[in-house]
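Peer 1: Chains as they are written, first to last, in numbering that gives the first Met the number 0: chain A, 0 to 446; chain B, 0 to 160.
By construction, these hints were calculated from the structure, which means they are not laboratory data. Ideal placement from N, C-alpha and C gives every residue a C-beta, glycine not left out. Among these hints, one or two may not hold up.
Residues from chain B shown here face chain A by an in silico Cβ test under 10 Å; the list is partial [unchecked claim]:
(1) P46
(2) L53
(3) R57
Here are the simulated DSBU-like cross-link-like pairs (lysine-lysine), alpha carbons at most 35 Å apart as the crow flies [to be verified]:
(4) A:K337 to B:K118
(5) A:K30 to B:K118
(6) B:K4 to A:K337
(7) A:K88 to B:K118
(8) B:K4 to B:K22
(9) B:K118 to B:K68
(10) A:K348 to A:K45
(11) B:K22 to B:K118
(12) A:K105 to A:K88
(13) B:K22 to A:K337
(14) B:K143 to A:K337
(15) B:K68 to B:K22
(16) B:K143 to A:K348
(17) A:K30 to A:K45
(18) A:K337 to A:K30
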Amino acid sequence: MLTPTKNYIDYEALIQEDPEYGFRINHHLYKDEEIFQQEMERIFYKGWVYIGHETEIPNTNDFVVRVMGQRPVILSRGEDDKIRVFENKCRHRGNTVCQEQRGNSKFFRCAYHGWMYSNQGELIDITHASIYGDRLPTEDMNLLEAPRLGFHRGFIFASLAAEGQPFMEYLGRAADYIDRYCDLAPEREIFLTAGRHGITYDGNWKMQLENLTDAYHAEYTHATALAAFAANSSSEGDAEFTDRGDLEDPLSTQRDLGGGHAVLDSFAINRSQGDKLRFTGSTGTLSEEIVGKIAEREGSREKAVWLTHGGGSHITVFPNLMILWDAVRTIQPVSLYKSTIYYHPAQLKGASQEINTARIMSHQTGFGPAGFLAPDDMEMFERTQLGTVSDTDPWVYLNRGLSDQYVSKDDFGVDTSPPNIWVKPPNGVFGGITNRLCRITLNRLPT
Amino acid sequence: MEIPKDEIEAFLYREARFMDQHKFVEWEAMWSDRGVYWLPCAHDSDPMTDVSILYADRAGITIRLGRMKSRNMYAQDPRSVVSRIVGNIEIVPAEQGEGVVVYSTFNITEFKRRAHVTKQITWAGHSEHHLSQVDGQWLMDYKKATLVNSDGELPALGFLV
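Okay, chain A solo, but in the shape it has when bound (with noise of 0.2 Å):
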């Protein structure tokens, strides 16, 4: 059997850290064949990947596809009622066997030669069987499954490795993060059930992943949108984002959550600007009507208020998984200068249509294609990636903040002001991020 050839890369070489440079990466990490390729085969075919929500197949034979990594994939909740992922792939001649985005079917069925299979994966026909004699393959035909998937809260991840670090221990910290998102629902679930859009961008899929712990370059590159927010706004304190001025304000704080997990946690700076709250909240769940439900919920006002500051938390959840304001994202690495972010509305079980209308509206007003944010993100995304191509100078620096680092006593308090909490300030997690990415491409992940 031919065995590729891997050539060696020494990520340990690409990433820096010394009291000269700080923290620096070289450039290489974006635009390297051999790496996008060792990424995809480490991190997306081994270890776990998002691949869709619960509340997108509700009933019985519903499905969507996706791609892990660059494969193709079906998300599909069988005639069992049980949820699987498979390969989009007849185990013939390698067509694929779906070819709607999504839909509600018993059984996937190849057009080219008319092999059939259940939703539950087993292959169930071979047409003109006979003319194969004895000639079939013994081993199971079926549909190729993953043979792992996690759940919690209703996001399912899937891994193409039969073994490798359990589910929970991959996510981590990271729940903590998403009970608190998924609890702003008054009934304590979220559903996506609005659809999907997708923006592209000419660059590394790494970049929006650092991205969106980079809370440095919201004030420069989003000026104009975080001014149309301001200026519209309803309410004084709105425009405190972009007063903000100090990036070291440890309102905006950065942790690391381990594994490649990261926050960038509005807690602090929610509280600290009580009502008046808006741009960095999640729509409507500072309403009266979200308060005032979650309060019944909990038996306390002054809980729901808390819980309902944490709204606008910025949450990574290595490799493709993100979760802010309104809505959920996905990053998909398309190729290595390639990548589409697809957005789904988060809406809140138990809310009323006109809260969940409008965080439809808050969202796509941000975001997508045509958002006020996203396209002026895309637009850094791809001049970033040209940077990469003058090898005259090949670092690249997320260094900032780091030396202000410390960790906290205990990380989930309630207070999240420092000293109590591990904070990376901007930047600081950035490293993080890449570090782990590198350090899991780096052989540590079962081969």
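Given the coordinates of chain A, work out where chain B should sit on it, guided by the hints.
Peer 2: Here is chain B on its own, set in the frame of chain A:
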């Protein structure tokens, strides 16, 4: 009512020119007070329950244009060169009121010029305008523009469609 075909067509061509030339003030003046501007993500979607590429009420249109006028909207720095053909214009009386509903097809070529990288992108789709007259002037009450790839993966869309 007798449909003033020439007037309506001229309105759409004028709108196309303003959009091509990024004439935001002039374009905004073509809207009535109750304007709704919508780019759906799917042909059969409901803007109240489904995500859209863009959905703006009259106030939202003004806010959006305010950002587009800025030189700091980096997705349009420098601004795209845009050229569009509007055709297949079909005008029918509105089911209610005195206005008209106009169906048309658009085909847009966008040229994104950057210092070192340029891109040419084709956009296409169908528009539905609801127009009514105010003081003898036709104005847009509603515009829905459905891109052929509305539910696909799109590059940043930074000009008017």
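Peer 1: Given the proposed pairing of K143 (chain B) with K337 (chain A), does the C-alpha separation stay at or below 35 Å?
Peer 2: Within the cut-off at roughly 30 Å; holds.
Peer 1: With a cut-off of 35 Å on the C-alpha distance, tell me whether K4 (chain B) and K337 (chain A) pass.
Peer 2: Roughly 45 Å separates the two Cα atoms, so the pair is violated.
Peer 1: Answer holds if the nearest beta-carbon of chain A is closer than 10 Å to that of P46 (chain B); otherwise answer violated.
Peer 2: holds, 8 Å
Peer 1: Given the hint that K4 (chain B) pairs with K22 (chain B), test it: the Cα-Cα distance must not exceed 35 Å.
Peer 2: Roughly 24 Å separates the two Cα atoms, so the pair holds.
Peer 1: Would you check the hint for K348 (chain A) and K45 (chain A), treating anything up to 35 Å between C-alpha atoms as holding?
Peer 2: At roughly 33 Å apart (the allowed maximum being 35 Å), K45 (chain A) and K348 (chain A) satisfy the hint.
Peer 1: Hey, K118 (chain B) versus K68 (chain B), does the alpha-carbon distance stay inside 35 Å?
Peer 2: holds, 22 Å
Peer 1: Decide if the proposed pair is consistent with the structure: K30 (chain A) and K118 (chain B), CA atoms, cutoff 35 Å inclusive.
Peer 2: Cα-Cα ~20 Å, so holds.
Peer 1: Quick one, are K337 (chain A) and K30 (chain A) close enough, alpha carbons at most 35 Å?
Peer 2: Answer holds: K337 (chain A) to K30 (chain A) is near 11 Å, not above 35 Å.
Peer 1: Given the hinted pair K22 (chain B) and K337 (chain A), is their alpha-carbon gap at most 35 Å?
Peer 2: Distance of about 32 Å is within 35 Å: holds.
Peer 1: Is K337 (chain A) close enough to K118 (chain B), meaning Cα to Cα at most 35 Å?
Peer 2: holds, 14 Å
Peer 1: Between K22 (chain B) and K118 (chain B), is the straight-line Cα distance small enough, at 35 Å or below?
Peer 2: Holds - the C-alpha atoms of K118 (chain B) and K22 (chain B) are around 22 Å apart, at most 35 Å.
Peer 1: For the pair supplied as a hint, K105 (chain A) and K88 (chain A), confirm whether the alpha-carbon distance does not exceed 35 Å.
Peer 2: At roughly 16 Å apart (the allowed maximum being 35 Å), K88 (chain A) and K105 (chain A) satisfy the hint.
Hint compliance for this structure: hints 3 and 6 are broken, all remaining hints hold.
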